[in-house]
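Novice: From first to last, the protein sequence lines stand for chains U, G and R.
Note that our numbering numbers the first sequence so that position 13 is 13, with each residue one more than the last.
Counting from 1 along the second sequence, just add 1000 to a position and that's the residue number in our numbering.
Counting from 1 along the third sequence, just add 2000 to a position and that's the residue number in our numbering.
Keep in mind the hints are simulated off the structure, nothing from the lab.
Hints should not be assumed to be uniformly reliable.
Reference listing, derived: stretches of chain G covered by chain R, where coverage requires no fewer than 3 residues with Cβ under 8 Å from a Cβ of chain R [to be verified]:
#1 1077-1088
#2 1245-1251
#3 1270-1283
Below, a list of computed lysine to aspartate or glutamate pairs in the DMTMM-like style, where the Cα atoms sit at most 25 Å apart [unchecked claim]:
#4 G:K1121 / R:E2036
#5 G:K1267 / U:D156
#6 G:K1116 / R:E2201
#7 G:K1039 / R:E2036
#8 G:K1121 / R:D2154
#9 G:K1085 / R:D2212
#10 G:K1066 / U:E152
Glycine residues also receive a C-beta, built at the ideal position from the N, C-alpha and C atoms.
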Amino acid sequence: MSLASSHPGPGSKRGSGARYLVVLSLLVATIVAVSLINPAFATVQNFRDLLGQCAPVVIVGCGMTLVVLTGEIDISVGSLLGLLGALIGVLSSPQRLGLPPPVVVGLVLMAGAAVGLLNGVLVTAGRVPSIIATLGMLTVLRGVTELIMGGEWITDLPPGIRVLGIGSAAGMPWCLWCAAAVSLMFVVVAHRTRYGLRLYAIGGNPAAAAMAGIHTSGVKTAAFALLGLMTGVAALVTVPQQSVVESGIGVGFELVVVSAVVVGGTSIRGGHGGITGTVLAALLLCGVRPMLVFLKLGETATYWERAIQGGFILAAVLLDHWARRDARGRAVGVIA
Amino acid sequence: MTRFWVAIAACLAVLAGVLVAAGAAPRWAPGAGERPQKKLTICLLPKKKGLPYFTTCAKGAEEAAKELGNVDLLYDGPTDGSPEKAASMVDRWALRGADVIAVSPNDPEVLGQAMKRAREKGVHVLTWDADAAPATREFMVNQATARDIGYALVDTMARDIGGEHPEGKVAIITATLTAANQNEWIRYMKERLANYPGVTLVATEPSNEDQRLAFQIAQDLMKAHPDLKGIFGISSVSFPGAAEAVKQAGKSGRVLVTGLATPNDMKAYVHDGTVKSVVLWNTIDLGYLTVRAAEAIATGKLKAGATSFDAGRLGTKTVEGDQILLGKILVFTKDTIDQFDF
Amino acid sequence: MSGPIPAGSTSRLITLHEAILAALLVAVLAFAAWLEPSFIGLNTQRELSTHAIELALLSIPTCLVIVSGGIDLSVGSIMALAAVVLGMLHESGINMGVGALAAVAVGAAAGSLNGAFVAAVRVHPLIVTLATFAAFRGLAEGVSLGRPISGFPDFFLRIGSGMALGVPLSVLMVLLIAAAGLVAVRRSVAGAWVYAIGDNERAARYCGIPVDKVKIALYTLNGAAAGLAGVLYVARRNTAKADVGSGMELEVITAVVLGGTSIFGGRGTILGTLLGVALIHELRELVSWHWQHDELVRIVIGTILIASILLNNVVGWRRP
Chain U
1 MSLASSHPGP
11 GSKRGSGARY
21 LVVLSLLVAT
31 IVAVSLINPA
41 FATVQNFRDL
51 LGQCAPVVIV
61 GCGMTLVVLT
71 GEIDISVGSL
81 LGLLGALIGV
91 LSSPQRLGLP
101 PPVVVGLVLM
111 AGAAVGLLNG
121 VLVTAGRVPS
131 IIATLGMLTV
141 LRGVTELIMG
151 GEWITDLPPG
161 IRVLGIGSAA
171 GMPWCLWCAA
181 AVSLMFVVVA
191 HRTRYGLRLY
201 AIGGNPAAAA
211 MAGIHTSGVK
221 TAAFALLGLM
231 TGVAALVTVP
241 QQSVVESGIG
251 VGFELVVVSA
261 VVVGGTSIRG
271 GHGGITGTVL
281 AALLLCGVRP
291 MLVFLKLGET
301 ATYWERAIQG
311 GFILAAVLLD
321 HWARRDARGR
331 AVGVIA
Chain G
1001 MTRFWVAIAA
1011 CLAVLAGVLV
1021 AAGAAPRWAP
1031 GAGERPQKKL
1041 TICLLPKKKG
1051 LPYFTTCAKG
1061 AEEAAKELGN
1071 VDLLYDGPTD
1081 GSPEKAASMV
1091 DRWALRGADV
1101 IAVSPNDPEV
1111 LGQAMKRARE
1121 KGVHVLTWDA
1131 DAAPATREFM
1141 VNQATARDIG
1151 YALVDTMARD
1161 IGGEHPEGKV
1171 AIITATLTAA
1181 NQNEWIRYMK
1191 ERLANYPGVT
1201 LVATEPSNED
1211 QRLAFQIAQD
1221 LMKAHPDLKG
1231 IFGISSVSFP
1241 GAAEAVKQAG
1251 KSGRVLVTGL
1261 ATPNDMKAYV
1271 HDGTVKSVVL
1281 WNTIDLGYLT
1291 VRAAEAIATG
1301 KLKAGATSFD
1311 AGRLGTKTVE
1321 GDQILLGKIL
1331 VFTKDTIDQF
1341 DF
Chain R
2001 MSGPIPAGST
2011 SRLITLHEAI
2021 LAALLVAVLA
2031 FAAWLEPSFI
2041 GLNTQRELST
2051 HAIELALLSI
2061 PTCLVIVSGG
2071 IDLSVGSIMA
2081 LAAVVLGMLH
2091 ESGINMGVGA
2101 LAAVAVGAAA
2111 GSLNGAFVAA
2121 VRVHPLIVTL
2131 ATFAAFRGLA
2141 EGVSLGRPIS
2151 GFPDFFLRIG
2161 SGMALGVPLS
2171 VLMVLLIAAA
2181 GLVAVRRSVA
2191 GAWVYAIGDN
2201 ERAARYCGIP
2211 VDKVKIALYT
2221 LNGAAAGLAG
2231 VLYVARRNTA
2241 KADVGSGMEL
2251 EVITAVVLGG
2261 TSIFGGRGTI
2271 LGTLLGVALI
2281 HELRELVSWH
2291 WQHDELVRIV
2301 IGTILIASIL
2311 LNNVVGWRRP
């Protein structure tokens, strides 16, 4: 079972145009529906909060999209988020290392990129299948996180760090600015640079890409490193939103991110999809829980959050299946 | 091909070597070596290791252990609060021959099994902070009666809301739905709310001891019920989470937050006006009392049917049936909170 | 893809990989005996063995799924779903035996959903099982409303903690199932089919092997085993909750891969998987026992997973 395969099919970067529309219309439809049922939903404040909650998924999702485009996957991002969060706490807390904020920011970003790089090297040079490598890293990173936390939560993040999470500029919190900036940047990288072209090429047909002279290992490793860096960015703007750093940050995060990528139209086999879809799908998936609260269905409604998210993925998969039927109504190739 | 396996074996050997050299955790060798006086092994299990509430309890516990001198204290618990992991720990401690295991069960049903098995092996078992079925433990070290806690919370909120007849919608953010202590408190809170007909409870949500989740739930509650007047954060984690949400929403003072958390966690919120009152008890004393009681049970100083026992610096503590009460509930306000450091 | 004839028809009783795993297991136990003598005691081992039954039960069919070229990330979630179903049926007064059968049936149904998506809709198994991993657990959470159910009858709990022939009952059950599986795979035509599909699916199809049916059967079997694991878990812990088995999928895949199964399919044995399970179990229990830190356990297992494949590749043994 390999993730990147050479299958014939539309290798176009815009091949999932229809998917964006589907996700977008679903998003708009649900927002409208919930707003009609509970008008308190449709306020600027609320949307700002919602976007804030989605920000980490968007930021990391952009990086993940690139990795998935090459035909690989990284399920260790949740544990990495936890580790970097713990690092933020340990590095900046006056009771621990008490380093100045700019140093902390730099170290956290470097650490994120380093772990991403490690993942990339394991996958390319080590030839460990990415699902296995990142599965292993997921457990190792979580263990390391708990080790450095030392069984105690960090409760005294200094204001210089907290401003990253709760500060804002022109009315929008930093996490939103980051998410917007990262999304735009990645759209440019994916669709307008040669690096992006190479990503799609490798995912669409690795053998052909290699023969065309593309340095597959380099491109893939860079994608992993970039994903790690993005996880660092996400950690920096979301962990300081709370005054405590706990050891369980990020558990289950990777699922939401990968789901956003897949529901957004990027094929797990690589070569298809894009950033826009990921961003829209992230908004949709993250919006499930708040919407359930607003629908006032009772205190137990939010327990269906994960079921609904899983349902979205299955629906996306079925949608792909029907979309790819050829003229005679048979499925074209193997999909997703 | 053999090279591969030599490599794997070498890796494992290196790993083993590193682990041994690190000697990371307190090594426990019951009965090993010649000791002039056999030490009692007391294991203290929190609901979720890492929570500042429990960390402060552990401090008190360590203080008692040092004072007593004949106690080897092991404080450990699942960092994710998983009752199954906690039960596995209890199993393991019992197998290794612990003298006393003190449990704060996140799920009394799951831990009850393990506690029963431990008792069958001759280990003394007591509960602290939260209770389990009476048949599974010998004593319960309780901070205060559930009634006192529940009533204190509601009375404090009513006082914060103010006025002759306090009015408004309130919500409760609790820990997990299985925690027996929170559930008991909620029961008494509902009972006490009957005294305040103008105050209605609109929601009770669990936050699973996850501050981030409590934060988000508080945000959602405020938006789903725009006229929400008060939020109870009855776990040491949901309280600061809710306070943070209220503060970030700019509603400090309009939405009142009260609950149970350590004064250190809440000082900032009390001083900036987001929170008027903090309800708790002295957690350091709770840990201290637990270890004292554990040692007393193990050495026979405290037996079933006793009505009191000597709890070191806490004086003589009354024992009611199988409950050992710490006693006092404390309410911290802006004027008093700085006096406390835990 | 190069490789030996699938183990289904090998004449050797035990491969070199398995022999070395067994030697490693002995080495670990010897190390444990030196470090912490009480750990090795028969009594201790017997009690600790119940911690591994779910892992063993889930790893056996997952091994076959991976050998056939697929993967299943939803086993932990199916376990939870089955446990919750059992709990809710018990609460509504239904007989435990019926409840247990229903739970296993639900597991099988869930597995067949996976199989249907993989075989009929032709979706990549990673994506299907990632989706069902979320969906099934979410279903369990929604149906149980996050509430744990306990208070199961004594005779049921005895399955979890009772003994027979000096060995815990549940362990005996799992060993029997493992033996049955071992024999079935080695001696049946279907067993050989599984390897053929994993080795070269297209060729298998041309050979007339009913690839789709086999795949669906494998995932269904996996689901049923997960259902059974859920039932055993409830018997052991007296609680049925929606977070049963979370994180199991990682351990299962680690055990299977460690046991010599190739993630690309076509190679791997049940015996190897069982040895992998035993190795992980002993390591995990030893680290927990001696160093008392769960964190170390995680790091050790994750490292072993990566190291085993890395070394495999770097030392240039066999690259599928």
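Novice: Give a verdict on every hint.
Specialist: Evaluated hints:
no., hint, in the structure
1, 1077-1088, "holds (count 8)"
2, 1245-1251, "violated (count 0)"
3, 1270-1283, "violated (count 0)"
4, G:K1121 / R:E2036, "20 Å, holds"
5, G:K1267 / U:D156, "11 Å, holds"
6, G:K1116 / R:E2201, "53 Å, violated"
7, G:K1039 / R:E2036, "19 Å, holds"
8, G:K1121 / R:D2154, "20 Å, holds"
9, G:K1085 / R:D2212, "40 Å, violated"
10, G:K1066 / U:E152, "21 Å, holds"
Violation of the numbered hints given earlier is confined to hints 2, 3, 6 and 9; the remaining hints are satisfied by the structure.
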